[in-house]
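Q: Assemble chain B onto chain A, guided by the hints.
One line per chain: the protein sequences are A and B, in this order. Just so you know, we're using our numbering here: the first sequence kicks off at 1 and counts up by one. Just so you know, we're using our numbering here: the second sequence kicks off at 356 and counts up by one.
Please note that the accuracy of each hint is not assured.
Which residues of chain B face chain A? A few of them, derived with a C-beta cut under 7 Å, are [said to hold, decoys possible]:
hint	residue
1	Ser386
2	Leu387
3	Leu390
4	Ala394
5	Asp397
6	Ser399
7	Ala406
Simulated from the structure, these hints should not be mistaken for laboratory data. A virtual CB, placed ideally from N, CA and C, is assigned to each residue, including glycine.
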Amino acid sequence: MNFKFNRKKVSGTLIVVPANEKSFVEEMKNYNFPEARSLKLKEVMGYNKRRMVAGDVCVSDLAVFGLEKLFERKLLSREEIDALLVVTQTGDYLMPPTSNIVQGRLGLKRDMLCLDINQACAGFVLGLIQAFMLLEQESVHKVVLINADILSRKASAQDRNIYPLIGDAAAISVIERGDADQPIYANVKMDGSQFAALVIPAGGLRLPCSAETARLEDVGDGNRRSKDHLFMDGSTIFNFVQTEVPPLINELLATAGASADSIDYFACHQPNRFMLQKLADKMKIPHARMPNNVVENFGNTSGATIPMALALNFADQIRQKPLRLCLAGFGAGLTWAAMLLNLGPLQFCEMIDYP
Amino acid sequence: MNEFLTKLAETIEVPEIKEADQLKAFPQWDSLAVLSVIAMLDASYGINLRAADLNAVNSAGELFQLVESKKRV
Numbered sequence: 001m002n003f004k005f006n007r008k009k010v011s012g013t014l015i016v017v018p019a020n021e022k023s024f025v026e027e028m029k030n031y032n033f034p035e036a037r038s039l040k041l042k043e044v045m046g047y048n049k050r051r052m053v054a055g056d057v058c059v060s061d062l063a064v065f066g067l068e069k070l071f072e073r074k075l076l077s078r079e080e081i082d083a084l085l086v087v088t089q090t091g092d093y094l095m096p097p098t099s100n101i102v103q104g105r106l107g108l109k110r111d112m113l114c115l116d117i118n119q120a121c122a123g124f125v126l127g128l129i130q131a132f133m134l135l136e137q138e139s140v141h142k143v144v145l146i147n148a149d150i151l152s153r154k155a156s157a158q159d160r161n162i163y164p165l166i167g168d169a170a171a172i173s174v175i176e177r178g179d180a181d182q183p184i185y186a187n188v189k190m191d192g193s194q195f196a197a198l199v200i201p202a203g204g205l206r207l208p209c210s211a212e213t214a215r216l217e218d219v220g221d222g223n224r225r226s227k228d229h230l231f232m233d234g235s236t237i238f239n240f241v242q243t244e245v246p247p248l249i250n251e252l253l254a255t256a257g258a259s260a261d262s263i264d265y266f267a268c269h270q271p272n273r274f275m276l277q278k279l280a281d282k283m284k285i286p287h288a289r290m291p292n293n294v295v296e297n298f299g300n301t302s303g304a305t306i307p308m309a310l311a312l313n314f315a316d317q318i319r320q321k322p323l324r325l326c327l328a329g330f331g332a333g334l335t336w337a338a339m340l341l342n343l344g345p346l347q348f349c350e351m352i353d354y355p
Numbered sequence: 356m357n358e359f360l361t362k363l364a365e366t367i368e369v370p371e372i373k374e375a376d377q378l379k380a381f382p383q384w385d386s387l388a389v390l391s392v393i394a395m396l397d398a399s400y401g402i403n404l405r406a407a408d409l410n411a412v413n414s415a416g417e418l419f420q421l422v423e424s425k426k427r428v
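Just chain A, with the same shape it has in the complex:
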């Protein structure tokens, strides 16, 4: 599905990562797997260091911490936030929305809109689309988009399939009206029939948490996880990305009448280095134009990986001048979404540690 927006812009992004750093090499002994193969996995997938919360930290904790920093540094004021979007799969509660909790904790105005969006790896693009739509309203001047997940608390430490790649983070982006004439294009696809490829089976009403769902089970390849844990069918997701993402981006570029050569960078969601390198190869894009270094430094942080790729690779450039970017996110749902836009100059683009 195509979307087109005029006169909208991202004015800054701040990423909050837990200070607690984990190392793949130190954790290899948790897996029932020969060390040589684990080292091979590290080399191919780009597993190295990542950030995970220590203790019972929640999404609203990371969000409140980051927003308070923006208020302190006068990059944003409480009163000017007209809408607060929280894109997460790991909200503080099943009910109410985490966005309302953040609003209450920060004492934001009551004359505003808070909205949670249940999306993950495609969540930055979907959040931007929602923010742009809200900005069509006369009463909305500034939208705060928070992409945050704490999936480490839902991953089994004995599941080599998922645990070594998960990182926690919150990306806080500010979106407002812009004056640039260049339209922003987006393309979104959904396939709920394949939802089981990325799922946390227990915890909703379909399968409430119980002693039974908490029981660790041998799931093959020496891995153990329970139904309370995040499950990813890695090879199905790999096939899905290789098959569906290139046509999604090609369709977007065709709609916009843009060539791949006119794009400075392809800032994609980063599940692991292997998948992004194969995606770049398939699209015949040089690896240097599709950054893939978030996972080796911070882990796969769900909807926050795209802003993190920008902060990690282009922070200085993008504060000075706009970059022409193609964004693409893909994952849970299944959902895949891409956006073509000029991003920058950003007022702020950086990462800070949550102590």
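A: Just chain B, lined up with the frame of chain A:
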């Protein structure tokens, strides 16, 4: 066939693979190897196999036949 077997051996990082070799008998044959082979078949032959398709195959020769049959479709 020989070119295919060479590529397969490079992908799962063993010195040599023969037509009759059982893929699951290689100590290197794990989920990472399966993913690497899926990626190689996509890049070299334009074929998208699923892990389940690959795990249903026994010998390297059978995999070659499967790839040939998909190429013709």
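Q: Next step is simple, just say for each hint if it's right about the structure.
A: Structure-based check of each hint:
no.: 1; hint: Ser386; result: 6 Å, holds
no.: 2; hint: Leu387; result: 5 Å, holds
no.: 3; hint: Leu390; result: 6 Å, holds
no.: 4; hint: Ala394; result: 5 Å, holds
no.: 5; hint: Asp397; result: 6 Å, holds
no.: 6; hint: Ser399; result: 11 Å, violated
no.: 7; hint: Ala406; result: 3 Å, holds
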